[in-house]
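Each chain, written out:
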Amino acid sequence: MNVQDYVRKRFLPHLWCPGCGHGTVLNALLRSVDELGLPKEDIVMVTGIGCSARMAGYVDFHTMHTLHGRALAFATGIKMSRPELTLIVPMGDGDALAIGGNHFIHAARRNLDMTAIIMNNHIYGMTGGQFSPLSGPGTTATTAPRGSIDPAFDAMDLAKAAGATYAARTTTFHVRELQKMLTGAITHKGFSVVEVFSQCPTYYGRKNNTGDAPEMLKAFRDGTVKIGSKELEENPELIPRGVFVDRDAVDYGEAYAELCRNAVSEAP
Amino acid sequence: MKDIRFVQGNEACTLGALYAGMDFFAGYPITPSSEIAEMLSGELPPRGHTFIQMEDEIASLCAVIGGSLTGKKAMTATSGPGFSLMQEALGYAVMTEIPCVIVNVMRGGPSTGLPTQVSQGDVNQARWGIHGDHAIITLTAGSHQALFENTVRAFNLAETFRTPVILLYDELIAHMRERLEIPPEGEIPLVERLMTSVPRDVDYRPYLAREDGRLPMSDFGGAHRYNVTGLYHDMWGFPSTDPSVVRGLLSHLVEKIEGREDELTFTREYEIADAETLLISYGSAARTARQAVYEARDKGVRMGLLELETLWPFPERKVRDALGKANETVVVEMNLGQVFEQVRRVARHPERVFLANRIDGRFITPPDIRRVLRIIAGKGVWA
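Top to bottom, those sequences are chains A and B.
Letter by letter, the first sequence follows residues 16 to 283 in this note's numbering.
Letter by letter, the second sequence follows residues 320 to 702 in this note's numbering.
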């Protein structure tokens, strides 16, 4: 297959702004799916609401564009009903960890076999540049004109604490690494999370004087380092990238199937 | 041999759902509906069907929608506060035309209200809890036999019209025990999902209605790849803001329900033919109203009862027909007059429609009705 065969070309060009990182995530995801040779009829993409959510319209999978924050809850229903399908759930940072935070931690806790992608642009883009729970203190936003005082979640810490069995972080600058992590996440049996820093030059960039998209990408390059590296040890201010969690555990679907088998064999 | 049981209303509902072929349940514990989830957590796994306890009611209905879209007969059960949380996903199910059944066992509200006591205060919430113009089907029941039958009917209507159906009954019905006779398999016909005949790899339009308004489905994740969205969408399920698409979809969503009053409205009549005084009621309050009718008849008073089993779409024609014969009508319910308002709306003489109600968490009794009748008759009420 050609990567383009996974795209509903009639809906292009996409609606993301010039310089937006979300197209890079889509690109890496399609390359990963292609590399894995997954038939598109076996893939379900469920999205919430926001810039990230519009990805569902562009991919030629089974696609469901749902409610803000609720994508993982819908995906849970689909996976319990049809365990053989591959579930991919791209979300924004606010989508996944503000309004969807409860669904996120519980999906991770259950360890249901699906892949959550957090496209973290540190801002609400679709609604015009309000701060999110991943923006962090000092971020200027349309709802924080004097700078946000809200501490940020670390999505990797949260995923790990909640029970995700695969959790990785990278940026749209590190496209090869991103593709590799997405492949790792999709092939992982259990709940997997990939957080991708994705640049939003339109809102985050303009409000925070970061420069244009290439400048923001350079900041991703210079502001992040590999997990466990010497640079990180020397400069803990840098943000670690890499695979934070990768462990085996019984996934919820398997556990439920076993529960059903045991229920049948119970003595009457 | 007949299958006769002595059960709680919540069990009657659960047994009705299993009879209807429900094979997917997602829910969150809440009084006074929890017995439904408890029973299904035991019943569904040996059948290989899905029971999942979600993190809240929002997620419960979202999961139900996901289950239904992929081919399951899906249900959730809750009570007022949980039903409030479900409104967002309920709107999504209406918009995307995904069949499902939502049980709301009414307790006293607003807010946490009276978790263990009886009320019928969610009638209007069932109709207008979600934002935007829409139509909805809401059934209720005043006995366990009716509850069993209307649970099956709720699944049948959900599948036929591709819509969420709300099953609204009160705490008294939920927790009271009475006789239930489970009909033999096949006695109540079941409606199975209308599947598309469009072959694999041929352009399937999930939102192209047939002439009769029905939409043949293809299980999501199956032979056809399509899009589902809560945005206004075209016949392929892709977002559209084209005015004709928007108008067309909204009128389809409303017409498929509002335009079918005769198919969707169910009532029971007691002693109505020569009734000079008409009672209109539903749910457990209708049991009280029926008792009042029999007591009146014993004294030679011509009283009758129209019991509603469909609340939405409101049975306008049936109510208007019944009103026409009576001198005065008393609506009996346990709220501030939610069905009373509807009856007045459709009445030719709204000044002859009265309300007998209780709002204190206590069950309404025949004397509560008789007091209102005495006031109507100009006799006053002894303190």
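To be clear, the hints were calculated from the coordinates, so they are not data collected in a lab.
Wrong hints could be hidden among the right ones.
[What the hints assert, rightly or not] Computed footprint of chain B on chain A, listed as stretches where at least three residues anywhere in the stretch have a Cβ under 8 Å from a Cβ of chain B:
#	stretch
1	30-38
2	249-262
[To be verified] Below, a sample of chain B positions facing chain A; criterion: calculated Cβ distance under 8 Å:
#	residue
3	Pro-400
4	Leu-404
5	Gln-406
6	Val-547
7	Gly-549
Even glycine gets a Cβ: it sits at the ideal position worked out from N, Cα and C.
Okay, the hints, checked on the actual structure:
1. 30-38: violated (count 0)
2. 249-262: violated (count 0)
3. Pro-400: Hint on Pro-400 (chain B): violated, closest Cβ of chain A at ~16 Å, above 8 Å.
4. Leu-404: Since chain A brings no Cβ nearer than about 11 Å to Leu-404 (chain B), farther than 8 Å, the hint is violated.
5. Gln-406: Given a least distance of 11 Å, the restraint on Gln-406 (chain B) is violated.
6. Val-547: Where the cut-off is 8 Å and the nearest Cβ of chain A is about 5 Å from Val-547 (chain B), the hint holds.
7. Gly-549: With Cβ-Cβ at 6 Å, under 8 Å, it holds.
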